[in-house]
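Chains as they are written, first to last, in the numbering used here: chain A, 1 to 536; chain B, 1 to 665; chain C, 1 to 102; chain D, 1 to 171.
Among the clues, some could well be false.
The following residues of chain A were derived to be distant from chain B, with all beta-carbon distances above 10 Å [unchecked claim]: (1) 13; (2) 27; (3) 29; (4) 39; (5) 68; (6) 105; (7) 109; (8) 189; (9) 195; (10) 212; (11) 213; (12) 216; (13) 283; (14) 375; (15) 441.
Partial list, derived from the structure: chain D residues whose beta carbon lies under 10 Å from chain C [unchecked claim]: (16) 7; (17) 8; (18) 20; (19) 29; (20) 65; (21) 67; (22) 123; (23) 144; (24) 162.
Note that these hints are calculated values from the structure, not bench results. All C-beta atoms in this analysis are idealised placements derived from N, C-alpha and C, irrespective of residue type, glycine included.
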Amino acid sequence: MEALYGSHWILTLLLAIPLVGAVACVAGGEGRARWTALLTTLLVLALSLPLFWTFRIGTAEFQNAVSLPWIERWGIRYAIGMDGISLLMILLTTVIMPISIAGSFSYIKTKERAFYASMLVLMTGMLGVFVALDLFLFYVFWEIMLIPMYLIIGIWGGKRRIYSAVKFFLFTAAGSLLMLVAIVVLVYLHQQQTGVSSFVYADLIQTSIAPGLQLLLFAAFGLAFAIKVPLFPFHTWLPDAHVEAPTAGSVILAGILLKMGVYGFLRFAMPLFPVAATSLPVIGTIVLLGLVGIIYAAWVAAVQPDAKKLIAYTSVAHLGFVMVGLFALNSQGVSGAILQMVNHGISTGALFLLVGMIYERRHTRLIADFGGLAKVMPFFAFALTVVALSSIGLPGTNGFVGEFLILVGAFQRYPLVAVLATTGVVFAAAYMLPMVQRIILNPLTQEENRELDDLNARERWILWPLLALILLIGVFPQPFLDRMSASVDGLIENVQTRRLPSQASRGPDLGANELRLAPTGERAIPEPDPDGGVGP
Amino acid sequence: MNEAFQPILPGLILGLPLLGAVLNGIGAFAWRDSKTIPSLVGPLTVLAAFAIGVANLLAMRAVMPHEPALVPLWTWMRSGELDISVMLMFDQLSLLMTLVVTGVGGIIHVYSVGYMRDDPGYSRYFAYLNLFIFFMLILVLSANYPLMFVGWEGVGLCSYLLIGFWYENREYSDAGKKAFIVNRIGDFGFLVAMFLLFSTFGTLDMPAIFREAPERLLADGALVTAITLFLFLGCVGKSAQIPLYVWLPDAMAGPTPVSALIHAATMVTAGVYLVARSGVLFALAPVSQAVVASVGAATALLAATIALQQFDIKKVLAYSTISQLGYMFVAVGIGAYTAGIFHLMTHAFFKALLFLGAGAVIHAVHDAWAATGAHGDPNDMRNHGGLRRLMPVTGTTMWIGTLAIAGVIPFAGFFSKDEIIWQAGVRGYAVLWALALVVALLTAGYMTRLMVMTFHGENRSGEGAGSHLHEVGAVMWMPLAILAALSVVGGWVQIPDALPLPHVDLLHSWLEPVFEPALLVAAGVAGQHGEASHTAPLGGGEALWAALSTTLAVIVILLVYRGLAARRYRPAAEAAEPTGFRAVLYHKWYVDELYDRLVVRPLLALWRGCWRIVDDRIIDGTVNGLAGVARLAGWTGSQLQSGRVATYLLVFMIGALIILGSLAF
Amino acid sequence: MNAGYLADLALVLSAVLFAIGVGGVLVRRNAIIVFMCVELMLNAVNLSLVTFSRLHGIDGQIIVFFVISVAAAEAAVGLALILAIFRHYETVDLEAFRRLRW
Amino acid sequence: MTDFLFFLFSAMAVLSAIFMVMQSNPVASVLYLVVTFFSLSGLFVILDAHFIAAVQVIVYAGAIMVLFLFVIMLLNLGSAEVGDLRRGLSQLLAGSVAVALVAVFARLFLVETDPAVPEASALDPLLEAQGAVAAVAEPLFTRYLVAFEVTSVLLLVAVVGAVVLARRRAP
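My request is simple: use the sequences and hints to build the entire structure.
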C-alpha cells in the first residue's frame with residue numbers, strides 16, 4: 001500500500017487502467033461491456049481514493065511525480081504529477097465516472113462496446129489532463145478526450161446530435177488549436193533563452209516573456225480555456241451539447257469536462273503568463289464576462305422549457321462564479337473556485353442523472369410534460385430537491401461553501417462585482433425552484449405520469465454517493481480545503497510575485513528540470529522528499 | 001458572578017430535533033403508514049430539547065455570566081484569513097430564544113399530532129417540522145454570521161417545504177416558491193453584509209465583531225450604515241416587512257400549525273432577533289436605526305389596514321403578524337432591544353394561540369363539511385359564525401389571545417406593546433409613537449371583527465353542518481389552553497414601575513448583559529441628546545398613557561363588537577365583492593398586482609428576450625454566420641472538384657509547368 | 001551521329017510523346033483511350049530512361065523493366081475497373097462517372 | 001543508316017501517337033498505339049537497350065495491347081461514341097499544354113547538357129563484355145533482387161485484383 005501510494009507509478013496506473021478496460025470492452029461481448037467498464041472505473045476509484053489520505057498536506061510541490069523522456073529531440077517528456085488542485089480533480093473524475101457508467105445501463109441500448117470503450121478512453125484523457133506536467137503531453141490528453149466525447153454525443157445523442165456534436169467539436173477545436181500555437185511559441189522562446197528545447201511545465205514557467213507577448217499568448221490559451229469553461233459569450237455550444245448528449249455524456253460534460261477550462265487557467269494560463277493574468281484589462285474582461293455569465297445565464301435558464309437546457313445554463317452561471325473567484329487571486333476566491341468546481345461536478349452531475357432518469361421513463365425533457373411526480377416517485381422527489389438546493393447554494397450543502405468563499409474572496413478584490421454576482425444567488429432560486437415545482441410538485445395532470453415507477457435500486461445507488469457528498473462537503477469542507485490550500489497559496493504567490501518586473505526576468509540557471517512549482521518569497525516550504533514519500 | 005457558565009448538553013439541544021427530522025424522514029419512506037412513531041419522535045425530541053433548555057436557563061441564572069459561553073464544534077471553512085467554525089453561542093438572549101422556539105414549537109408539535117391526524121404525509125410533515133426546529137436553533141445559537149445564515153436559509157427551506165406541503169395544489173406550491181424567492185432577495189442583503197463585515201473585521205465571529213466594532217467603525221459612517229442596511233434587507237425578507245412582506249400572506253397555504261410555528265411565532269421573528277443581536281452595529285448607525293423603525297411602523301400600519309378587510313381567517317392573522325412584526329422593528333429600531341424581544345416573546349404566545357385556534361376552527365369546519373358533503377373554503381370567516389357555543393374552549397382561548405394582542409391589561413400583549421409605545425414616546429419619536437398608538441387601536445378592531453365573524457352571530461356553515469361542528473380533541477385544545485395561560489401570564493415578567501402593580505423586572509435584568517454594549521454605544525453616539533425624557537410627546541406619564549391605551553382598546557373592542565354582532569353576513573359563496581375603499585383594502589392595496597406588473601412580468605420578458613434574441617440570434621447568429629462564411633468558401637472550392645479527370649490533369653499540368661518552367665527559364 | 005546529339009534528339013522525342021499523351025488525356029472522354037494515353041506517357045518516360053541509361057549506366061534499363069511490369073499490373077487492374085464501371089454505368093464516358101463528386 | 005532509322009522510327013512514333021489520340025474509333029486507336037510501341041522498340045534497339053526492346057514488344061505490344069483490344073471488343077465499343085473527342089476550347093488548351101510541355105522539357109534537356117557526357121555510349125564496354133541480356137540480368141538478380149521479387153507479388157496482387165473486379169456479381 002505504502003509502496004504504491006508513495007511511488008511514482010500510481011498516477012500512471014490510473015491512466016493505464018481505463019485504456020486496458022477499453023480494450024477489454026471492445027474485445028468482450030456486447031452484453032459484458034457495461035460490466036467491464038463499471039468494474040474498470042470502480043477499480044480506478046478504489047485505487048484513487050487512498051490518494052486523498054496519502055496526499056501530503058501543506059506543500060505545493062507535485063506529488064507522485066514522474067518525468068521520463070519521451071521525444072528527446074524536442075524536450076518532450078512524459079511528466080505527470082499532482083498537487084492539491086489536481087488531487088481534487090482526479091477524485092472528482094474517478095467518482096463521477098463509475099456513476100455515469102452505471103447511469104448508462106438502461107440508457108445505452110446500441111453499440112454498447114463502442115460506447116463503454118469511448119467512456120473509458122475519455123476517462124484516461126481527462127485524468128491525463130489533470131496530471132500532465134508537460135505541455136505537449138497536456139495537449140495530447142486535451143485532444144484525446146475530445147474525440148470520445150464527440151462520438152458519445154454524435155452516436156448516442158438525441159435528434160439533433162450531429163449538429164450538436166459538430167458544434168461542440170468545432171468550438172473546442174478552434175480554441176485548442178490557438179493554444180497549440182501558443183505552446184509552440186512558448187517553447188521557442190524558452191529555447192531562445194536557454195538553448196534547450198523543452199515542453200516541461202517546470203521549465204517553461206521560468207521563461208521570461210515581454211508583457212505584450214504575454215498578453216497575446218494568454219489570450220490564445222485563455223480562449224481555449226474560456227470556450228471550455230464556458231465563459232459568456234462562448235457558451236452556446238454547451239446547451240446544445242447537453243441537450244443532445246446521452247445522460248452519461250451530459251454528466252461527464254458538466255461534471256468534469258467543463259472543469260478543464262478552469263483547470264487550464266489555474267495550472268497553465270495564469271502561472272505561465274503572470275503579468276498578463278494580473279493585468280487590469282485581462283482581469284477586468286474575464287471577471288466581467290464571468291459576472292455577465294452568472295446573471296445572464298440565470299436569466300436565460302429561468303425561461304427554458306427544456307429541463308436539460310435549463311441545467312446547462314445553470315452550468316454557465318456556476319462556472320461564472322468559479323471564474324470570478326479564480327481571478328480574485330486571493331486565498332478564499334481561488335479555494336472557493338476550486339471547491340465550487342467539485343461541487344458543480346457533483347450537483348450538476350446529479351441533476352443530469354435525475355433528468356435522465358425521468359427521460360428514460362417518459363422520453364421527454366420538457367418540464368411541462370411532468371408535474372406532481374412527488375406522488376408517484378417520492379425518492380426521486382427527495383433526491384431532486386436535495387440536489388436542486390445544493391445547486392442554488394443552500395447553506396449546509398456543498399454549493400454554499402463554494403459560493404460563499406468565492407464571493408468573500410471576490411468582495412475583497414472588487415466589491416461591486418461581488419455584490420452583483422451575489423444577485424445570482426437570488427436568480428438561482430428563480431430558475432431552479434420553478435423547475436423543481438413543475439416537475440415534482442403541482443397536480444399530477446398527465447395520465448402518462450400516473451404509472452411511473454420510482455427509482456430502482458441501481459438508480460438509488462448511483463445517487464446516494466452524490467447526495468452524501470453534497471452534505472459532506474457542505475458540513476465538513478475543511479478536509480477538502482486543507483488539501484488544496486498550499487497549492488492555492490503557492491499559485492497566488494507565484495503569480496503575484498512574478499508579475500513584478502524585477503522578478504519577471506529569470507536567468508536560465510533556474511531552468512533546471514525540476515518538477516515543482518518553485519514558490520518564491522520567504523515562505524518556508526518543506527523540502528520535497530525526492531521519492532515522494534507517503535504523507536507526514 | 002463571573003464564574004464561567006458551562007452550557008449543559010449543548011450539542012443535544014440541536015441534535016435531538018435533527019435526529020427527529022432524520023428519523024421521520026426515513027419514516028416517510030420506510031414506514032409510511034405508521035402514525036405512532038412520528039407522533040412520538042416529532043414532539044418528544046423538541047420537548048426534550050426544551051427540557052435541556054430549561055436546565056440551561058436555571059444554570060445560567062445561577063451564574064449570570066456577562067460573556068457568552070462559546071461551544072466550538074468543528075472548523076467549518078478556513079481559507080486565508082477567513083476562519084469560520086461551527087460554534088454555538090449561549091447567552092441570555094440565545095437561551096431565551098431557544099426556550100421560545102422549543103417551547104412554543106413543542107406545543108405546536110403536540111397540536112399537530114391531532115391536526116395532521118389523517119394526512120397521508122404525516123411522517124414527512126414531522127420531518128420538516130423537526131428540521132425547522134433544528135435550523136431555528138442554529139439560527140439563534142450560532143456564534144458567527146455564516147452559521148446564523150445556515151439557520152436563516154434553513155428555516156426558509158423548511159418554510160418553503162411546509163408552505164408547499166400539499167404540493168398537489170398549484171397555488172400552494174406557488175406560494176412556497178414565492179416565499180423562498182422573496183426570502184432570497186433578503187438573503188442577498190445578509191450575504192453582502194457578511195462580505196462587508198469580513199472585509200472590515202477580518203472575521204465573522206459575532207463576539208469579536210461586537211467587541212471591535214466601536215473602534216473599527218466610524219459611528220454614523222457610511223460603512224456601518226451600509227452593513228446594517230444590508231443586514232436589515234435580510235430582516236425585511238425574513239420578517240416580512242415592506243417591501244418584501246408579500247410572501248407571508250400567501251404562506252398561509254401551509255398547514256395551520258405551520259403558520260402558527262413558522263409564520264407567526266418563530267421564523268418570521270428571526271429578523272428582529274438579528275437586529276437585536278447586532279445591536280452594537282445598529283447603535284453605531286442612527287440612519288439605519290431610523291430606517292428600521294420607520295419601515296417597521298409603516299409596515300405595522302399598512303398590514304393592519306389590510307387586515308381590516310380580509311375574510312380568510314388565516315390571512316387576517318397573517319397581516320396581523322406582519323403588523324406586530326412592524327412593532328418589534330419599531331422597538332429594535334429605536335434601540336429598545338429588550339422591548340422588541342419582549343414583544344417577540346409574548347407575540348409568540350398569543351399569535352401561536354390565535355393560529356392554533358383558527359386551525360381548530362378550520363379543522364372543525366372541514367370535518368363537518370366532510371360529513372355533510374358541502375364544499376367551500378373552510379378558512380373563510382363568512383362561512384363560520386356562531387361557533388362560540390359549539391367550540392367553547394377554542395372560543396374562550398381565542399378571546400384571551402385577542403385581548404392579549406389588543407393590549408388589554410393584564411394580558412401579555414399589554415405589557416410588551418405598552419413598553420414599545422412608551423419607549424418610542426420617551427425617546428422622542430413622536431410620529432412613531434402616534435402610529436404605534438393608532439395601530440394598536442386598529443389591532444383591536446380587526447381582531448374583534450375576526451372573533452365576531454367566527455364565533456358570534458348565526459352559524460353560516462350551511463345546512464346540517466351545525467350538528468357536525470364540535471370541539472376539537474384534547475390533543476388539540478390542551479395546547480390552546482397552555483398557550484392561553486401563557487398569553488395571560490407571559491407579560492408578567494416585566495411590569496413597569498410606573499403602574500400601580502407589583503414591580504417585576506425579570507426580562508430587563510436577564511437580557512442586560514447582552515444589550516449592555518449596544519446601549520453603551522448608543523449612549524456614546526447619541527451623547528448630545530442627553531437623558532431621555534420621562535414624558536410622552538403630548539405630556540403625561542407612563543401610567544396615564546398605559547391606562548389610556550388599554551381603555552381605548554377596550555372601547556374599540558366594544559364598539560366593533562356592537563357594530564358587527566348585529567350584522568348579518570352572507571356565506572362566502574353568496575357574498576358580494578367589496579366595493580369602494582373596502583375593495584382597495586380587500587385587494588391589499590393592489591400591491592401583488594403592482595409587483596406582478598412592474599417586476600415579475602418585465603423581468604420574465606427580459607429573460608425571454610435574452611434567450612431568444614441574444615443567445616439564439618446574436619451569439620449563435622454570429623457563430624452560424626461564421627459557419628456560413630466557411631461553407632461558402634467550401635462551396636467555392638468544391639466547384640473545382642468537378643469530378644472530371646481531365647480538369648484535374650489540366651490543373652496538375654499547369655502547376656507542373658509553372659514549377660518546371662521556373663526551373664527552366 | 002555522336003551519342004550526345006542522339007541523346008538530345010531522343011529526349012526531345014520523349015518530351016513530344018509525353019506531351020501528346022497529356023493532350024490525349026485532356027481531349028478524350030473515352031476511359032479506355034485515356035488509359036492508352038497514360039500508357040503512352042509511360043512509354044515516353046521509358047524512352048528518357050533508356051536514353052539516360054545509355055549515358056550513365058545500365059540502371060536506367062532496370063527501371064524501365066520495372067516500369068513495364070508495373071504497367072502490366074496497372075493495365076490489368078485498370079481495365080478490370082473499367083469493365084466493372086461499364087457494367088454499372090453502361091458507358092465508358094468519363095463525364096458520366098461523377099459519383100464521388102460532391 | 002542508324003540516323004535514318006532513328007528519324008524513321010521517331011516520325012512513326014509521333015505520327016501514330018497523334019493519330020491514336022485523334023482517332024475516334026477505339027480499335028484503330030489501339031492499333032496506332034501498337035505502331036507507336038513498335039517504333040519505340042526500334043528506338044530502344046538504336047539506343048543499345050536490346051533486352052528492353054524485346055520486352056517492349058512482348059509485354060506492351062503483345063500482351064497489354066491485346067488486353068486493351070479484348071476489353072474494347074468485350075464492351076462492344078467498336079463504333080465511336082458520340083462526342084468522345086472534346087472540341088474547341090479543350091483542344092486548344094490541350095494543344096497549348098502540350099506545346100508548353102515540349103518547350104519546357106526541351107529547354108531543360110538541351111541547355112543543361114552535361115559537358116562530362118561521353119561522346120559514345122557508356123554502355124558499349126558492358127555490352128561487349130556481357131551481351132545484351134546478361135548486362136540487364138546481372139544487376140536485376142543482385143542489386144535489384146528484392147524489388148524484383150516484390151514486383152512478382154505486385155503482379156500476383158494485380159491478377160487477383162483484376163479477377164475480383166471483373167467478376168460478375170452474383171445477382
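Hint check results:
With 10 Å as the threshold on Cβ separation, the claim that residue 13 of chain A sits away from chain B holds: the shortest Cβ distance comes to roughly 32 Å. Separation of residue 27 of chain A from chain B is adequate, the least Cβ-Cβ distance of about 39 Å exceeding the 10 Å criterion. With 10 Å as the threshold on Cβ separation, the claim that residue 29 of chain A sits away from chain B holds: the shortest Cβ distance comes to roughly 38 Å. Annotated as non-interface, residue 39 of chain A keeps its C-beta farther than 10 Å from every C-beta of chain B; the closest such distance is 30 Å.
The claim that residue 68 of chain A lies off the interface holds: its Cβ sits roughly 36 Å from the closest Cβ of chain B, which is beyond the 10 Å cut-off. With a least beta-carbon separation of about 23 Å from chain B, residue 105 of chain A lies farther than 10 Å from that chain, consistent with its non-interface assignment. Every Cβ of chain B is farther than 10 Å from the Cβ of residue 109 of chain A; the closest lies at roughly 30 Å, confirming the non-interface assignment. Distance to chain B confirms residue 189 of chain A as a non-interface residue, since its nearest Cβ pair spans about 31 Å, more than 10 Å.
Chain B leaves residue 195 of chain A outside its interface by the beta-carbon criterion, the shortest separation being 38 Å against a cut-off of 10 Å. Listed as a non-interface residue, residue 212 of chain A keeps its Cβ farther than 10 Å from every Cβ of chain B; the least gap is roughly 27 Å. Interface exclusion of residue 213 of chain A from chain B stands, the closest Cβ pair being 27 Å apart, more than 10 Å. Remark: the non-interface label on residue 216 of chain A is consistent with the geometry, its nearest Cβ contact in chain B lying 21 Å away (cut-off 10 Å).
With a closest Cβ-Cβ approach of about 18 Å to chain B, residue 283 of chain A is found to remain outside the 10 Å limit, as its non-interface label requires. The non-interface label for residue 375 of chain A is inconsistent with chain B: the shortest C-beta to C-beta separation is roughly 7 Å, within 10 Å. A beta-carbon of chain B is positioned within 10 Å of the beta-carbon of residue 441 of chain A; the least distance is around 4 Å. For the restraint placing residue 7 of chain D at the interface with chain C, the shortest Cβ-Cβ distance is roughly 8 Å, inside the 10 Å limit, so the hint holds.
The criterion of a C-beta within 10 Å of any C-beta in chain C is not met by residue 8 of chain D, whose closest approach is roughly 12 Å, and the hint is violated. Checking residue 20 of chain D against chain C by beta carbon gives a least distance of about 7 Å; that is within 10 Å, so the hint holds. Checking residue 29 of chain D against chain C: minimum C-beta separation of about 6 Å stays under 10 Å; hint holds. Here the hint on residue 65 of chain D is kept, as its CB sits about 8 Å from the closest CB of chain C, short of 10 Å.
Look at residue 67 of chain D: its Cβ gets to within about 6 Å of chain C, closer than 10 Å, so that hint holds up. Because the beta carbon of residue 123 of chain D sits about 6 Å from the nearest beta carbon in chain C, less than 10 Å, this interface hint is met. Proximity of residue 144 of chain D to chain C holds as hinted, the smallest CB-CB distance being about 6 Å (cut-off 10 Å). Nearest Cβ of chain C to the Cβ of residue 162 of chain D: about 4 Å, under the 10 Å cut. The hint holds.
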